[in-house]
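Please model the entire structure based on the sequences and the hints provided.
Number of protein chains: 2
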Amino acid sequence: MELTFLRWLRERIPTSPNIPLGIGDDCALLAQQSGKQTVVTTDMLMDGTDFILNECGPIAAGRKALAVNLSDLAAMGAKPVAAFVSIAVSKQDGGGQALAMAKGIFEGLLPLADEFDWAIAGGDTNSWNGPLVISVTAIGEVPVGRAWLRSGAQPGDAILVTGNFGRSIAGKHLTFTPRVREALHLQETKTNIHAAIDVSDGLSLDLSRVCSASSCGAQIELAKIPLSPEANWRHALSDGEDFELILAVPPHEAERLLREQPLGTQLTQIGTFTAEQGLKQQLPTGEVLPLEPRGYEH
Amino acid sequence: MELTFLRWLRERIPTSPNIPLGIGDDCALLAQQSGKQTVVTTDMLMDGTDFILNECGPIAAGRKALAVNLSDLAAMGAKPVAAFVSIAVSKQDGGGQALAMAKGIFEGLLPLADEFDWAIAGGDTNSWNGPLVISVTAIGEVPVGRAWLRSGAQPGDAILVTGNFGRSIAGKHLTFTPRVREALHLQETKTNIHAAIDVSDGLSLDLSRVCSASSCGAQIELAKIPLSPEANWRHALSDGEDFELILAVPPHEAERLLREQPLGTQLTQIGTFTAEQGLKQQLPTGEVLPLEPRGYEH
Numbered sequence: 001m002e003l004t005f006l007r008w009l010r011e012r013i014p015t016s017p018n019i020p021l022g023i024g025d026d027c028a029l030l031a032q033q034s035g036k037q038t039v040v041t042t043d044m045l046m047d048g049t050d051f052i053l054n055e056c057g058p059i060a061a062g063r064k065a066l067a068v069n070l071s072d073l074a075a076m077g078a079k080p081v082a083a084f085v086s087i088a089v090s091k092q093d094g095g096g097q098a099l100a101m102a103k104g105i106f107e108g109l110l111p112l113a114d115e116f117d118w119a120i121a122g123g124d125t126n127s128w129n130g131p132l133v134i135s136v137t138a139i140g141e142v143p144v145g146r147a148w149l150r151s152g153a154q155p156g157d158a159i160l161v162t163g164n165f166g167r168s169i170a171g172k173h174l175t176f177t178p179r180v181r182e183a184l185h186l187q188e189t190k191t192n193i194h195a196a197i198d199v200s201d202g203l204s205l206d207l208s209r210v211c212s213a214s215s216c217g218a219q220i221e222l223a224k225i226p227l228s229p230e231a232n233w234r235h236a237l238s239d240g241e242d243f244e245l246i247l248a249v250p251p252h253e254a255e256r257l258l259r260e261q262p263l264g265t266q267l268t269q270i271g272t273f274t275a276e277q278g279l280k281q282q283l284p285t286g287e288v289l290p291l292e293p294r295g296y297e298h
Numbered sequence: 299m300e301l302t303f304l305r306w307l308r309e310r311i312p313t314s315p316n317i318p319l320g321i322g323d324d325c326a327l328l329a330q331q332s333g334k335q336t337v338v339t340t341d342m343l344m345d346g347t348d349f350i351l352n353e354c355g356p357i358a359a360g361r362k363a364l365a366v367n368l369s370d371l372a373a374m375g376a377k378p379v380a381a382f383v384s385i386a387v388s389k390q391d392g393g394g395q396a397l398a399m400a401k402g403i404f405e406g407l408l409p410l411a412d413e414f415d416w417a418i419a420g421g422d423t424n425s426w427n428g429p430l431v432i433s434v435t436a437i438g439e440v441p442v443g444r445a446w447l448r449s450g451a452q453p454g455d456a457i458l459v460t461g462n463f464g465r466s467i468a469g470k471h472l473t474f475t476p477r478v479r480e481a482l483h484l485q486e487t488k489t490n491i492h493a494a495i496d497v498s499d500g501l502s503l504d505l506s507r508v509c510s511a512s513s514c515g516a517q518i519e520l521a522k523i524p525l526s527p528e529a530n531w532r533h534a535l536s537d538g539e540d541f542e543l544i545l546a547v548p549p550h551e552a553e554r555l556l557r558e559q560p561l562g563t564q565l566t567q568i569g570t571f572t573a574e575q576g577l578k579q580q581l582p583t584g585e586v587l588p589l590e591p592r593g594y595e596h
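Chains as they are written, first to last, in my numbering: chain A, 1 to 298; chain B, 299 to 596.
No wet-lab data here; the hints were simulated from the structure. Treat each hint with caution, since some may be false.
Label pairs and their in silico Cβ distance ranges [what the hints assert, rightly or not]:
no.	chain 1	residue 1	chain 2	residue 2	range
1	B	450	A	48	54 to 64 Å
2	A	115	B	450	49 to 59 Å
3	B	560	A	24	28 to 38 Å
Chain A stretches covered by chain B per the calculated footprint, using a threshold of three residues with CB under 8 Å from any CB of chain B [said to hold, decoys possible]:
no.	segment
4	34 to 44
5	65 to 75
6	141 to 150
7	157 to 171
8	243 to 251
9	262 to 272
10	280 to 287
Some chain A residues judged to face chain B by a derived CB distance under 7 Å, without partners named [what the hints assert, rightly or not]:
no.	residue
11	13
12	26
13	30
14	49
15	124
Predicted model only: the values in this text are computed from it and were never measured. Glycine included, each C-beta is placed from N, C-alpha and C at the ideal position.
Set out below in structure tokens:
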């Protein structure tokens, strides 16, 4: 199956000046440049855990597998350069079905590569008797010192978020747009971002990870959290797979961003990082209570 | 499981000057340098296809998953920098077993990282109801223009191979040493290597891939092929998973290498690249016949 599939795939992959050698050799070659750092992330998605193949089909599964990795690159403020896509498709229903499945997965993810002007540069195509597994490694680049780490948040920084939260399982987890454009705009305009993370496991859980890495706390105002349709605060705080960005932004820069809204995607301040450790929530009544971080634990 | 596992893992991973940021953020950061290229390869290994977990155990499975990727880096003449290891372990037998399985896999692969002075810089740890899957992406580097491509072989080049061939399934496929040291030695001594590939699918099949990429042919002498114990020529030509290197080397350089044997690992000339397309085999009788490339087709 692999040879037929690779012939099909190569016709669909554009060349990229950053990729001197793509699919077809033992390894791919990517350009290096002093003053830049390579940014690498990887995620493995499995049928029955990250998607239900029988319900969503291979196109949506493939798209999600690439999109979650793009979301991680965006959370570092990195520009995508290349992705490597390994799959194990089920051969229970014969070779033809396996080939169709492999093509479907790539039909789902190739548009995301085109959209962001980078390329699939390699991978590994397998068939087996188990359920579908898709493992993607995404590689990006960032100027030295400009990557947004989890560890840079400072007390007093505004907690800004892109988009809406909660009930991603109703569909958004398969169709979301990773915030690559937004991240690149903030980088290109040299916006001062102290820290960032993408919300994969839950707004409160991922916010707590920034706090831990930055040795600070955070207080959020429940009424400020932008809710997805049919989502309540509990959904928004703990559902996961929103794939929106949480940004730690110094107050003056945050004021400007909130006023100018330069991203196309709505930016909202939901709270402030604090010197005191731990998460707190301000209820609509004004009462301030501790907030237990919750979300998807792997 | 992931948090407990990551705590365990972080204590076992050395820091590396080439990896400014490793496990623990959304992405890892790797240094870039002008004059270098990044070399990337990825392989997904599945229980029942690439190893039989019940027979070999997690340590051997983890070792193999990293080793096959190191073999690809060696085949490009690249120095290993970082690896990213994603796993899906079976949770059928409870969380404790899944954690023990994850630890076993890394106990198998971490010594290979130590041995070659690089580091695990990220990954994704999952449990599910399916069989074990291990997906590794290995990243290396090479000076610009020094990567060994499949496409550089020239008629008249000697076909040199490292080690022995055939019957890898008897054990070597789990215990082989990827030829990283050998590749780095050849690079450091500026040896003129025109093309290279590692034998993952079969000596004749992988040789035919070099020929296709280089638009040339090859004639090999059966009696010259170094055989593994209990292997015959048929095994040697088509068994696969030898993970030895095939090198295309200009005649004078080849003579020197064969005389000096500088690698520790035996180098053998098994034939010559030819202007005429296709593979040929010279039998011990002197007769020359066409050779059909055979091996493992994915």
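Hint-by-hint comparison with the structure:
Between residue 450 of chain B and residue 48 of chain A the beta carbons are some 45 Å apart, a value that contradicts the proposed interval 54 to 64 Å. The beta-carbon spacing between residue 115 of chain A and residue 450 of chain B, approximately 35 Å, falls outside the hinted interval of 49 to 59 Å. At about 30 Å, the CB distance of residue 560 of chain B to residue 24 of chain A agrees with the hint of 28 to 38 Å. Chain B is given as covering the segment 34 to 44 of chain A, and this holds because 11 residues of the stretch bring a CB closer than 8 Å to a CB of that chain, at least three being needed.
Requiring three or more residues with a Cβ within less than 8 Å of a Cβ of chain B, the coverage given for the segment 65 to 75 of chain A holds, as 3 such residues are present. For the segment 141 to 150 of chain A, the stated coverage by chain B is satisfied: 5 residues place a CB nearer than 8 Å to a CB of that chain, which reaches the threshold of 3. Taking a C-beta to C-beta cut-off of 8 Å, the segment 157 to 171 of chain A contributes 0 residues in contact with chain B, too few for the three needed, and the coverage statement is violated. Coverage of a stretch by a chain is defined here by at least three residues with a beta carbon nearer than 8 Å to that chain's beta carbons; for the segment 243 to 251 of chain A and chain B the count is 0, and the condition is violated.
With 0 residues carrying a beta carbon less than 8 Å from a beta carbon of chain B, the segment 262 to 272 of chain A misses the three-residue requirement, and the given coverage is violated. Three residues within the 8 Å Cβ limit are the bar, and the segment 280 to 287 of chain A against chain B gives 0, so the coverage statement is violated. Taking 7 Å as the C-beta cut-off, the interface hint given for residue 13 of chain A is violated, the closest approach to chain B being about 15 Å. Taking 7 Å as the C-beta cut-off, the interface hint given for residue 26 of chain A holds, the closest approach to chain B being about 4 Å.
Look at residue 30 of chain A: its Cβ gets to within about 4 Å of chain B, closer than 7 Å, so that hint holds up. Against a cut-off of 7 Å between C-beta atoms, the interface hint on residue 49 of chain A holds, since the closest Cβ of chain B lies about 5 Å away. Using the Cβ-Cβ criterion of 7 Å, the hint placing residue 124 of chain A at the interface with chain B is satisfied: the shortest such distance is roughly 5 Å.
Comparing the model with each numbered hint stated earlier shows that hints 1, 2, 7, 8, 9, 10 and 11 do not hold.
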